[in-house]
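Taken in sequence, the protein lines are chains A and B. Add 268 to the 1-based position in the first sequence for our numbering, that's all there is to it. Add 26 to the 1-based position in the second sequence for our numbering, that's all there is to it.
Please note that the accuracy of each hint is not assured.
As the list claims (entries may be wrong) - In the PhoX-like style, the derived pairs of lysine-lysine whose C-alpha atoms are separated by at most 25 Å in a straight line are:
{"no.": "1", "chain 1": "A", "residue 1": "Lys381", "chain 2": "A", "residue 2": "Lys394"}
{"no.": "2", "chain 1": "B", "residue 1": "Lys28", "chain 2": "A", "residue 2": "Lys337"}
{"no.": "3", "chain 1": "A", "residue 1": "Lys381", "chain 2": "A", "residue 2": "Lys417"}
{"no.": "4", "chain 1": "B", "residue 1": "Lys476", "chain 2": "B", "residue 2": "Lys450"}
{"no.": "5", "chain 1": "B", "residue 1": "Lys36", "chain 2": "A", "residue 2": "Lys394"}
{"no.": "6", "chain 1": "A", "residue 1": "Lys381", "chain 2": "B", "residue 2": "Lys36"}
{"no.": "7", "chain 1": "A", "residue 1": "Lys394", "chain 2": "A", "residue 2": "Lys337"}
{"no.": "8", "chain 1": "B", "residue 1": "Lys35", "chain 2": "A", "residue 2": "Lys394"}
If you're looking for bench data, these hints aren't it; they were derived computationally from the structure.
Chain by chain, the residues run as shown.
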Amino acid sequence: MNIIETTNLSRRYGRTEAVHELNLAVPQGSVFALLGPNGAGKTTTIKVLMNLLPPTSGAARVLGVDSRKLGEREKAQLGYVSENQQLPLWMTVRQLLDYCRPFYPTWDRELEKNLLAQFALPEQRKLAHLSRGMLMKAALLSSLAYRPKLLVLDEPFSGLDPVVRDDFIRGVLEVSALGEWTVLVSSHDIEEVERLADRVALLDGGRLRLNETTESLQGRFRRVEITDAPAGVGPATDWLEWERAGALTRFVEPRYAGETTERAWRERFGDATVKMQPMTLREIFMTLARANRTTATEATA
Amino acid sequence: MKLIWHIAKKDLRRMALPAGLWVAFIVGSAIWFRTASAGTGIQSGEAMVGWLPMMRIWAQLFTIAQFIIGYLLAGALVLEDPVIGTDTFWLTRPIANARLLVAKLLAVALLFVVAPAVGLALVRLACGFSPGEIWQATRALGVNMGLAAAFSVMVASLSRNLVQFLFGFVALAAVGVMTMGRFLVPPTDQFAPMEWAELVASRILVANFVLGCGIVLVLGWQFLTRRRVWGWLILASIFVACVSIRVAWPWNTWAAWNASETASAVPPEAHASIVTKAISLHRYPDRFAERLLQMNATLTVTPGRTSVGVWYAPAAGRVDITWENSTPRYSISLDRFGGSWADACALAYLQGQFEPAIAWHLFGATSSRAQLPSGEARISGRCEIWSARVRIAGELPMTSGGELVEHGNLSRVMAVESSIGWDKVLVIEEHELNFGQAAEVFALLNRRTKQALVVSQNELGRVDMNGETAVLRRLFVPAERPDETWRRDAVLVKVRIEPVHRFFLPFEAHARVIEETR
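The following block holds chain A by itself, in its conformation from the complex (with noise of 0.2 Å):
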């Protein structure tokens, strides 16, 4: 069963379209990663899946209910944490819990509590004197503490350091381990991500590029490099990133599939040398965008 699923979602700042025609799903129990550049419309489409924004055509479903219909019922089952969301900074982080919990009849007090130990928050400090780090944790405590269906995180990790980021995402693969809870993580941080989702979809353009397991996304991409390969043989239509120097050829398999792969390596190649490496994420992602950049400008050429 899908927590999220989007119909040809898209949505237009003026003559900017920040999102075109996104179709998404996710599943329910997953830790899913929406990842790309600045700019890319993770934001956008975040807005648009909590109702903050109308989209301009398409559909979301979130919870089975249509984005523009989240109602309370369906908000008290969502948790969402935003490097942008307006705090009451006013408040202590005790005076945060207070005010949340009535909101929810799921709240739990006992989980409110580890939380707030292995977060290692002040309760009575006021959120305007919490650092950027402590502040996210806040805002997650209490996103947390209700046992949320689905765990939105928007650009959760911008500005945070490094030890803190570490912290945080502790904190997330913890309680994400202690149910059946979806999380949906906006990201242009791509080598954090790689250590909570299970799966990824990248946008570009305000367009989906990809969108599928990690597990099968680091599976089906090899950097490959042949030493002494024939001279004359050029590459794959779906390869990427093919280059020539001297005796050396390199160039990334997209579609790599074990024995299968390497026995068409070998016809095409002969008796050269054949390596190849795994890829991580953010590898996958630097080689994806710079191939849709070339695409792009080819086509506009």
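Using the hints, position chain B against chain A.
This is chain B only, laid out in the frame that chain A set:
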């Protein structure tokens, strides 16, 4: 309801300190206003006149500060959870828009209407005002504060932050002054036909009603849909509608509204018999040799058994004079003869204690030359009569330092002057609650001989703040005439008059114009 109160409580806690200081400021300024005095024993009234401008400046500053600070704080309370924007905390929490709206209105009402009203009520209770007086003054203050707060909440609902809120306020105030304000004042031509005056009143009434509904509509729209562009468009449409109504509303709604307002009141006929005794038309030459048309009317009122505590006096009148088979038409505004409406009412009350019937005299004239056709003129129109609750507040000793305290209302003789033609001139200072159109009249009264005389007065100035008024006035006690021996035992009484309802007594008469030589 529990969640509404929960949200409101959060806002109350947030605004407790600034709103508390604001209420303290209001209460403090009320105490200052109450205790500030010109001081007794001053020999000349003119010497005290310097006190009034200072009072007026400070009172105006305090009043403006109260409203501006209150307005800003009410807006800030709404902007705690802005309606506009996508990064607002409450939007991603299970808080229904309607619930938030009710919670905000509740918090605003408690902090910016109830709290200052209660604060002032306590001050007034300590001053000795009666619960009835306090309630009326509190109600008036609550309405004013409520209107300012409602406007503030509406502008805040259209704003993303404090800067936009301030800009919105300035822009709306400017547009309001440039458009609505221009049509707020009815034509001052007192000789315009009566229907026109009522039409202007109708336009103001309907436009204000539409504006009030518009504020509610924009507020509801903004909180429920959060679509700001449409919110501004609705507001702009309402402004346009209000201006159009003020310019072109064709129906006399005011009369219908006034009729429904007074329908529940007991008509004067139930309390007293009011008879049109005489109506006459005169044509007088004025000093520029133009001949003006003047109308005199005399009414008599005979108080009935049920008129205890309620008295009547004409406020004004207006008649149209026409001739059959002739085009001239003159409209005349009628005023009371020999004093203000309050004087007439007070005298009616005092004389009504002793005499079975009291006469009212009304008169009025055209402002320009009247070309009169021959024949009998038809006079049609009506006289505006107010019923009022009248009571003698007490006796004021006619000596320097003499005081009259009635509930919290205070009258104090600051100085006794002598002046040619007058027995004495009393300079008095008064502090009183002034809700509605209450008026005070001083009169010499001899209960034994059953005679009364209204003392003419000259108001040196008045300052209002939060429904309380400080007044300096001179009372001119006339020199005793040989036939006024009753005045030797007379006391100076203060008569307090609170208008209750307005009625209209129709005139319908025919009269020939009497040509006067001077």
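Verification of the supplied hints:
{"no.": "1", "hint": "A/Lys381 with A/Lys394", "result": "holds (18 Å)"}
{"no.": "2", "hint": "B/Lys28 with A/Lys337", "result": "holds (23 Å)"}
{"no.": "3", "hint": "A/Lys381 with A/Lys417", "result": "holds (20 Å)"}
{"no.": "4", "hint": "B/Lys476 with B/Lys450", "result": "holds (23 Å)"}
{"no.": "5", "hint": "B/Lys36 with A/Lys394", "result": "holds (15 Å)"}
{"no.": "6", "hint": "A/Lys381 with B/Lys36", "result": "holds (22 Å)"}
{"no.": "7", "hint": "A/Lys394 with A/Lys337", "result": "violated (34 Å)"}
{"no.": "8", "hint": "B/Lys35 with A/Lys394", "result": "holds (18 Å)"}
Comparing the model with each earlier hint shows a violation of hint 7 alone; every other hint is respected.
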